[in-house]
Amino acid sequence: MATQTCPVRNTIIYLSDLTESGALTDPRERRICEQILNLVEEISEGAAGNGHLSAIDALMEEYLDGKGSKKTRVNGDRLKEMLSENREVFESHIATRNCPSHDCGKLAPSPCQMACPAGIDIPTYLTLIARGEDAKAIEVIRRDNPFPWVCGLICTRPCEMMCVRARIDTPVSIKFLKAFAAERAMSEGAYHNPEKKPFNGKKVCVIGAGPGGLTAAYYLALMGYKVRVIEALPVSGGMMMIGIPRYRLPREVIDREVAMIEDLGVEISYNTRFGTDITYEDLKAEGFEAFFIAIGAHKAMDLGIKGEKEFPKALEAIRFLKDVALGNHHAPGKQVVVIGGGNVAIDAARTSLRLGAGKVTIAYRRSEDQMPADIEEVEQAMEEGIEFSFLTIPKEILGSEGRITGLDCIKAELIQKEGSDRLVPVPVLGGDFILEADAVISAIGQYVDDKGMEAFDRMNWSRRGTIEVSHASMETAMPGVFAAGDAVSGPATVIEAIGGGKRAAEAIDRYFNHIPQPRMPKIPVRHHREPPVEMTAARKMTLKRPSMPMLNVDRRRTTFQQVELGYDEESVRKEAARCLRCDICRRCGKCIEICRDKMGIDALQLGYLEFDHSTETDFRTTEKKCITCGACAANCENKAIVLEEKEGRRNLKLCGTLLNSQAILYCENCRAVLPSAEYLEFIAQKTGDMVKRTQHRLLCDNCRRSLNAKINVETRPSDPK
Amino acid sequence: MQFQKGQKVKVARKSRDEAWEPYMDDFIGLHGFVTDPDTSINDPDALIEVSLEEKGTHRLPQDCLEQIV
Chain A
1272 MATQTCPVRN
1282 TIIYLSDLTE
1292 SGALTDPRER
1302 RICEQILNLV
1312 EEISEGAAGN
1322 GHLSAIDALM
1332 EEYLDGKGSK
1342 KTRVNGDRLK
1352 EMLSENREVF
1362 ESHIATRNCP
1372 SHDCGKLAPS
1382 PCQMACPAGI
1392 DIPTYLTLIA
1402 RGEDAKAIEV
1412 IRRDNPFPWV
1422 CGLICTRPCE
1432 MMCVRARIDT
1442 PVSIKFLKAF
1452 AAERAMSEGA
1462 YHNPEKKPFN
1472 GKKVCVIGAG
1482 PGGLTAAYYL
1492 ALMGYKVRVI
1502 EALPVSGGMM
1512 MIGIPRYRLP
1522 REVIDREVAM
1532 IEDLGVEISY
1542 NTRFGTDITY
1552 EDLKAEGFEA
1562 FFIAIGAHKA
1572 MDLGIKGEKE
1582 FPKALEAIRF
1592 LKDVALGNHH
1602 APGKQVVVIG
1612 GGNVAIDAAR
1622 TSLRLGAGKV
1632 TIAYRRSEDQ
1642 MPADIEEVEQ
1652 AMEEGIEFSF
1662 LTIPKEILGS
1672 EGRITGLDCI
1682 KAELIQKEGS
1692 DRLVPVPVLG
1702 GDFILEADAV
1712 ISAIGQYVDD
1722 KGMEAFDRMN
1732 WSRRGTIEVS
1742 HASMETAMPG
1752 VFAAGDAVSG
1762 PATVIEAIGG
1772 GKRAAEAIDR
1782 YFNHIPQPRM
1792 PKIPVRHHRE
1802 PPVEMTAARK
1812 MTLKRPSMPM
1822 LNVDRRRTTF
1832 QQVELGYDEE
1842 SVRKEAARCL
1852 RCDICRRCGK
1862 CIEICRDKMG
1872 IDALQLGYLE
1882 FDHSTETDFR
1892 TTEKKCITCG
1902 ACAANCENKA
1912 IVLEEKEGRR
1922 NLKLCGTLLN
1932 SQAILYCENC
1942 RAVLPSAEYL
1952 EFIAQKTGDM
1962 VKRTQHRLLC
1972 DNCRRSLNAK
1982 INVETRPSDP
1992 K
Chain B
303 MQFQKGQKVK
313 VARKSRDEAW
323 EPYMDDFIGL
333 HGFVTDPDTS
343 INDPDALIEV
353 SLEEKGTHRL
363 PQDCLEQIV
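If you're matching them up, the sequences are chains A and B in order. Numbering-wise, the working numbering puts 1836 at position 565 of the first sequence, and it's gapless, one number per residue. Numbering-wise, the working numbering puts 351 at position 49 of the second sequence, and it's gapless, one number per residue.
Among the hints, a few may not be true.
What the hints assert, rightly or not - Dumping the calculated EDC-like pairs for lysine to aspartate or glutamate here, alpha-carbon to alpha-carbon at most 20 Å: (1) B:307 / A:1648; (2) A:1467 / A:1538; (3) A:1446 / A:1841; (4) A:1793 / B:355; (5) A:1682 / A:1703; (6) A:1605 / A:1557; (7) B:312 / A:1881; (8) A:1630 / A:1658; (9) A:1497 / A:1533; (10) B:307 / A:1883; (11) A:1793 / B:365; (12) B:310 / A:1640; (13) B:307 / A:1640; (14) B:310 / A:1689; (15) A:1793 / B:328.
Simulated from the structure, these hints should not be mistaken for lab results.
Please build the complete structure, drawing on both the sequences and the hints.
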């Protein structure tokens, strides 16, 4: 182990080697090492708090309590030595959240991994998909997210928003590549669960079988906990199942991934409402010592207009979507008006159309450009024939004898109020009009239904009606009670719920093992560096993101078949290879500085390195100016840019992309390997007369020196004396 | 200010909202993108999801954010 490497980083390497090599056969020793590794990783990331070193000390004491084998003692002594000899460095990392040698950033996550709320190692799995190793890719994804197939179809993809490739052309289609790999791995029978640890004697109750609850259940089961999930509905998946329509996410996809979680021994009690069918006391009596609340936000907000509660066909979108998901496939009406401008409104409208509604109109009180729904969803709804009535404020649902006849509305205009930069819809005088309708669906937001949560009496609720937690651990104010998902954030995304569930599982494990919780959400972990896919600069630049084939509009208007049909295999492999591997190149820009400012060559046109002011990038221009001097590679701390000699050529590569390739030249005198002709020319220009006499010949330094010396002696003017 | 998906933003100041946690002080000055605005009712009081450069994705109160043009 190199002495100049940061001791914190060294300790991580040592512990990672120990835990991953299979050398730790004693489960107790393995558990302690993994726990210490977790804590040291947090120290390395700047996420550690004051209790971390004392927790490591306590774990070390347990490790060396004399119960282990001789090998355990040897490992323990070595670890203790590393920790005690470098205690000041550990303390400084905690206090300053900084690694002076920068070693602790060597396995820093890429921007896409950082952006993913679940922290998936995206560059690694994209590389595996590019190589056709789909099952391995799924294994990598499931370290952080047990729902790769679901997320491959419906994730809001913050990763793509931060994708560095977007600074060159378009972001890598990360979301769908995941779906392809999951489907392929499942189809080939290669989608497996990791091996779980033996039962540790502890039981955890999860309330809610949505993405957050099932994610926590998955990771807890893998850690050896007995997990029981309490679910009020007859199906699992939560909002994935009852909130997202089947044309975006087929039920079978959810069922297959939930079944994988159940295969780990997770027990799901359906049709069981917490607080009614089973109580906190019942579960405590059964031995459950920790609780994870992931009840979602299923309660619809009221419109607050007349007629809202009078008609059976005045529906709440969330209830309507749930009924359809559970098998009620009757059209809500012939003329449906959906009130709202968010994704749920779009889902309710498109679902109504598929159930046979003749005309579906979305009434939204602001303008089109202010609609909060995803632009793609709005466009797809328009393609399918959904009509939009913008700047429309609903006043009253009209009808008689229990039947709706229309929605009384008033036209609005957007006015900027004093002291605010936000436009507010204000009714236009005399702008009343009626939208004909026999069904009205309201989709103006949801909130958390706190019914049944009274037992958690020491838990705090925010003014938004959500459960208050520390976001680093998802721990509530009540010891042993954790929460995540929409119940904490309000209506949010599936991937956030998954990230919260994973964090909560780790925090629950810490709670049981009396390990302090982190100060801030953990920085995603990279386990290793997958070699990048190699290709020419021209190919890297010319690969384009494929367009998504869509189901034809007639089919979309009449069935719940998946709208996005997915890429073919060739497109998937190419698209995955477009990844720039930002896990390797950390975009420090040192290579450009060296090449341009120190060498004066300026061969690297890598405008994408800048986050705020990115300029043009073209990998193809490097070969025109590059002299393969290797100064960029020699100064790249993370070895993202490398100069290698292979099969008679000297190649300059940036994360696998071949920037320049020149034939290796040999000394014509002794056959020693020479720099490129361009480099020799560069040196000749710098050194001027010194090498002038021999510059036309290909010679190594030694041969050139001796030949120059010989020439100098032979041509030395005779002594004038 | 109404935030929309894909907008570039800066964490300009500490929020007074109860959802602001001490570790979020580290985010002040950072740039990022709005990845999930309030997608139901455009509520200026809602927490919105923002992906910050090198600091991950977080749900933040809107009063701490400013749009970068």
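Checked hints:
1. Under the criterion of a C-alpha separation no larger than 20 Å, the hint pairing residue 307 of chain B with residue 1648 of chain A is consistent with the structure, at around 13 Å.
2. Taking the CA atoms of residue 1467 of chain A and residue 1538 of chain A, the gap is about 15 Å. The hint holds against a cut of 20 Å.
3. Only pairs whose Cα atoms come within 20 Å are accepted, and residue 1446 of chain A paired with residue 1841 of chain A is accepted, the gap being roughly 16 Å.
4. This hinted pair checks out: residue 1793 of chain A and residue 355 of chain B have alpha carbons roughly 15 Å apart, not beyond 20 Å.
5. For a cut-off of 20 Å, the pair hint linking residue 1682 of chain A to residue 1703 of chain A stands: about 6 Å separates their Cα positions.
6. For the hint pairing residue 1605 of chain A with residue 1557 of chain A, the CA-to-CA distance comes to about 51 Å; that exceeds 20 Å, so the pair is violated.
7. Of the pairs offered as hints, the one joining residue 312 of chain B and residue 1881 of chain A holds, with about 16 Å between alpha carbons and a cut-off of 20 Å not exceeded.
8. For the proposed pair residue 1630 of chain A and residue 1658 of chain A, the alpha carbon gap of about 8 Å is at most 20 Å, so the pair holds.
9. At roughly 12 Å between alpha-carbon atoms, residue 1497 of chain A and residue 1533 of chain A fall within 20 Å of each other, so this suggested pair holds.
10. The hinted pair formed by residue 307 of chain B and residue 1883 of chain A meets the criterion: a straight-line CA distance of about 17 Å does not exceed 20 Å.
11. A distance of roughly 25 Å separates the Cα atoms of residue 1793 of chain A and residue 365 of chain B; the hinted pair therefore is violated under the 20 Å criterion.
12. Taking the CA atoms of residue 310 of chain B and residue 1640 of chain A, the gap is near 17 Å; set against the 20 Å cutoff, the hint holds.
13. Restraint check: the Cα-Cα separation between residue 307 of chain B and residue 1640 of chain A comes to about 11 Å, which is no more than 20 Å; the hinted pair holds.
14. Proximity of residue 310 of chain B to residue 1689 of chain A is assessed by CA-CA distance (about 25 Å); at most 20 Å being required, the pair is judged violated.
15. The hinted pair formed by residue 1793 of chain A and residue 328 of chain B meets the criterion: a straight-line CA distance of about 14 Å does not exceed 20 Å.
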